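Given the coordinates of chain G, work out where chain A should sit on it, guided by the hints.
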Amino acid sequence: MSSERKLMSGNEAVALGTKHAGCALGVGYPGTPSTEILENYAKLEDCKAQWAPNEKVALEVGIGVAFAGTRTIITMKHVGLNVAADPLFTVAYTGVTGGMVLAVADDPGMASSQNEQDSRNYARAAGVPLLEPADSQEAYDMTKLAFEISERWGQPVILRLSTRVCHSKTIVIPSESKPVPQADYVRDISGRVMIPAYARPAHKRMRAKLAEIEEWNNAEGPNPIIGNSTKLGIIANGVTALHAQEAAPDAKVMKLGMVYPLPMKAILEFIDSVDDCIIIEESDPFIQTEVQAAGGKVRPRLERYRYGELDVIRVKRIIDGDDSEEAAPPRGKPPQLCDGCPHRASFKLLKNIGCTITGDIGCYTLGVLPPFETMDTCICMGGSIGIGLGMRHVLPEEQARKVVSVIGDGTFMHSGLTGVADMICNRPKYGHVIVILDNGTTAMTGLQEHPGTGKTLDHQPAEKTVSIEATCEAMGVDKVVVLDPSREMERFEQAVRDALASDDLTVIIARRPCILAVARDAKIKRGEKVR
Amino acid sequence: MNKVTNVKFAGLGGQGILTCTDILGRVVFDMGNDVKKAEVHGMSQRGGSITSDLRFGDKVLSPMISAGQADFLVVMGEDLVEANQYFLKDGGMLVKPSDFEVDQLTNKRTLNVALLGALSKHMPFSVEQWMDAVRAQLPERLHEVNEAAFMLGRGE
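Heads up: the protein sequence lines correspond to chains G and A, in order. Note that our numbering has the first sequence beginning at 1, numbered continuously upward. Note that our numbering has the second sequence beginning at 1, numbered continuously upward.
Chain G extracted, bound-state conformation:
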């Protein structure tokens, strides 16, 4: 086995760790900063991966793989875990047969997300063990460890990453590789059908396993103690532990690798071994709350450091107990829609008409920034349609007739379809208008495919394409218009004006390919490598 050192991103390291753990199928939904895990995994020899239309479906496919007795990884970003939360809570009860790892990437500081939620809360809420690597070597090692823990206890395991771990490159020395376990279905109805009668004992089984895992984490979990000072002790997790080691080279640092269930016995012993103990963690006071509840004597948390990323200087401030205002960095240039992006014409038009736009998640979210400033709301994937419907239902006529839901093609596949179903059934009095900005790709996260592009993860043709217009018509939309927003501006404007004036349910599909996808496809055609 090669022990060659490599310079890898955290995402590449998770991909390689997954291969070396012996995984039968990787499945996920693209979302910054998690996207490159599956893309890199798919490029490795004999590794099979596919995008799912959303994170819930991705997790369900993964559950099928793990019930069939072999190994699977499911990848998503933190907000994607909200979408997948429904199956997550129940698969924690049923457990799994083959190893199942959910790689979930958090985004403290919100480099490209709509919130900075802390996925560790899901581990506690659902009762799912959670590991947290600090760099690429640990990302590689802990991916393999996560599969081992998952199979040993028959439970799903979350591998929590963060932007700094996903997108930082550090050195990795790979270790040995395992073969993919053969899938083999064994029926276990009472174990997997969660009717209340079977779910009640399943919940108790899950808690018993968690107690065993906590014991293991106390005795031999991945929680090294660095240094031997008896004065200052620091408990930290993930990349934060590296900041802490650098900020306080003389301190004794307990570097937590498994953050749920916490190795509480080992933590309390650590606290007793130092005069003064401080917990340093990014985002929510997760470890802090648990440790204090267990009676651990640690310094109180400074609320200011819940917000944004930590770095060495901020960690030094925490150690110094400095709760003073922090200097704001100079403002950089915000991102913008590309020159030549077809969404530019669409937003200009909608702004001129004076629409109230319930928006969604994608490149087109940038339509909220100057010069467009055309988006009134943006909450979550697919949210544009439901929020638009709610407004249409209750606003007075003049205002209701201005409301337009704007959504991209990838987001429509992810969670727009159910919004359309609601629109058909619970029809607002003055109808509704959805504009689908169809650029034929999932542009924001780096041009991934989805069921509407008719291509699979490796950009090769799928057997069939899901037609957005045929789907809308079949669902019962009154009027579906397809046009090119750059070439047919007059027709576009007329279509929007007609739709707003009528009581119809109208879907306008503004279709023109993303200029970046066109360039990428030309490269593929020339036989050049694409990232």
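No lab work stands behind these hints, which were simulated from the structure alone. All values reported here derive from a predicted model rather than from experimental measurement. Don't take each hint at face value.
To be verified - List of simulated lysine-lysine pairs, DSS-like, C-alpha gap at most 30 Å:
1. Lys-108/A / Lys-523/G
2. Lys-108/A / Lys-316/G
3. Lys-265/G / Lys-252/G
4. Lys-252/G / Lys-3/A
5. Lys-108/A / Lys-529/G
6. Lys-265/G / Lys-204/G
7. Lys-89/A / Lys-316/G
8. Lys-3/A / Lys-348/G
9. Lys-351/G / Lys-402/G
10. Lys-43/G / Lys-455/G
11. Lys-316/G / Lys-59/A
12. Lys-333/G / Lys-108/A
13. Lys-252/G / Lys-231/G
14. Lys-351/G / Lys-48/G
15. Lys-6/G / Lys-59/A
16. Lys-121/A / Lys-6/G
17. Lys-59/A / Lys-231/G
Stated by the list, open to error - The calculated label-pair distances, taken between Cβ atoms and stated as ranges, are:
18. Asp-250/G / Val-81/A: 29 to 39 Å
19. Asn-121/G / Asp-30/A: 41 to 51 Å
20. Val-127/A / Thr-456/G: 40 to 50 Å
21. Ile-189/G / Pro-139/A: 49 to 59 Å
22. Asn-2/A / Asn-121/G: 42 to 52 Å
23. Pro-139/A / Glu-469/G: 35 to 45 Å
24. Asn-121/G / Pro-139/A: 22 to 32 Å
25. Gly-527/G / Glu-144/A: 46 to 56 Å
26. Val-530/G / Asp-132/A: 23 to 33 Å
For glycine and all other residues, C-beta sits at the position ideal for the given N, C-alpha and C.
Structure of chain A alone, referenced to chain G:
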């Protein structure tokens, strides 16, 4: 004593910041250093400001370069100096396009590699080591134009 060198790159999405950080990363990696490279991309990629951090030495802990900690700050445009100056430590080195004859670049897209040439004058690596890294990180059809850009930036 463990000495860590901090190099911060700053520019706009699409200017090749990540590529030139990867090239320097390759040079120092090939020499056996511990290396950490941190970047933020995604939404910030689309024409907005981005920075990329490269730290190397015997042992690197945090992957990020905090304010006032950069030994070198490489900016892709004169107009980016002001917004990023706060990363530079006292006595740190600023590398910017006006350090060389930027209008002599045959291809504007090679500005990132030309800046590496300007940076290379202050670093203890040979031209050959840099060229190996340029060739390893870029497709073959771009080798010649980038080698020329590097030498222009270096002033040779």
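Hint by hint, here is what the structure shows:
1. Lys-108/A / Lys-523/G: holds, 21 Å
2. Lys-108/A / Lys-316/G: The given pair, whose Cα atoms are some 41 Å apart, is violated under the 30 Å limit.
3. Lys-265/G / Lys-252/G: At roughly 17 Å apart (the allowed maximum being 30 Å), Lys-252/G and Lys-265/G satisfy the hint.
4. Lys-252/G / Lys-3/A: holds, 21 Å
5. Lys-108/A / Lys-529/G: holds, 23 Å
6. Lys-265/G / Lys-204/G: It holds: about 22 Å lies between the C-alpha atoms, which stays within 30 Å.
7. Lys-89/A / Lys-316/G: holds, 17 Å
8. Lys-3/A / Lys-348/G: Measuring from Cα to Cα gives roughly 53 Å; hence the hint is violated.
9. Lys-351/G / Lys-402/G: holds, 11 Å
10. Lys-43/G / Lys-455/G: holds, 16 Å
11. Lys-316/G / Lys-59/A: Between Lys-316/G and Lys-59/A the Cα gap is close to 19 Å, so the pair holds against 30 Å.
12. Lys-333/G / Lys-108/A: Roughly 21 Å between the alpha carbons, so the hint for Lys-333/G and Lys-108/A holds.
13. Lys-252/G / Lys-231/G: holds, 8 Å
14. Lys-351/G / Lys-48/G: violated, 44 Å
15. Lys-6/G / Lys-59/A: holds, 16 Å
16. Lys-121/A / Lys-6/G: The given pair, whose Cα atoms are some 27 Å apart, holds under the 30 Å limit.
17. Lys-59/A / Lys-231/G: holds, 25 Å
18. Asp-250/G / Val-81/A: 29 to 39 Å: Because 37 Å falls inside the window, the suggested range holds.
19. Asn-121/G / Asp-30/A: 41 to 51 Å: Given a distance of about 42 Å, which is inside 41 to 51 Å, the answer is holds.
20. Val-127/A / Thr-456/G: 40 to 50 Å: holds, 44 Å
21. Ile-189/G / Pro-139/A: 49 to 59 Å: holds, 55 Å
22. Asn-2/A / Asn-121/G: 42 to 52 Å: violated, 37 Å
23. Pro-139/A / Glu-469/G: 35 to 45 Å: holds, 39 Å
24. Asn-121/G / Pro-139/A: 22 to 32 Å: With a Cβ separation near 44 Å, Asn-121/G and Pro-139/A fall outside 22 to 32 Å, so the hint is violated.
25. Gly-527/G / Glu-144/A: 46 to 56 Å: violated, 21 Å
26. Val-530/G / Asp-132/A: 23 to 33 Å: Holds, at about 24 Å.
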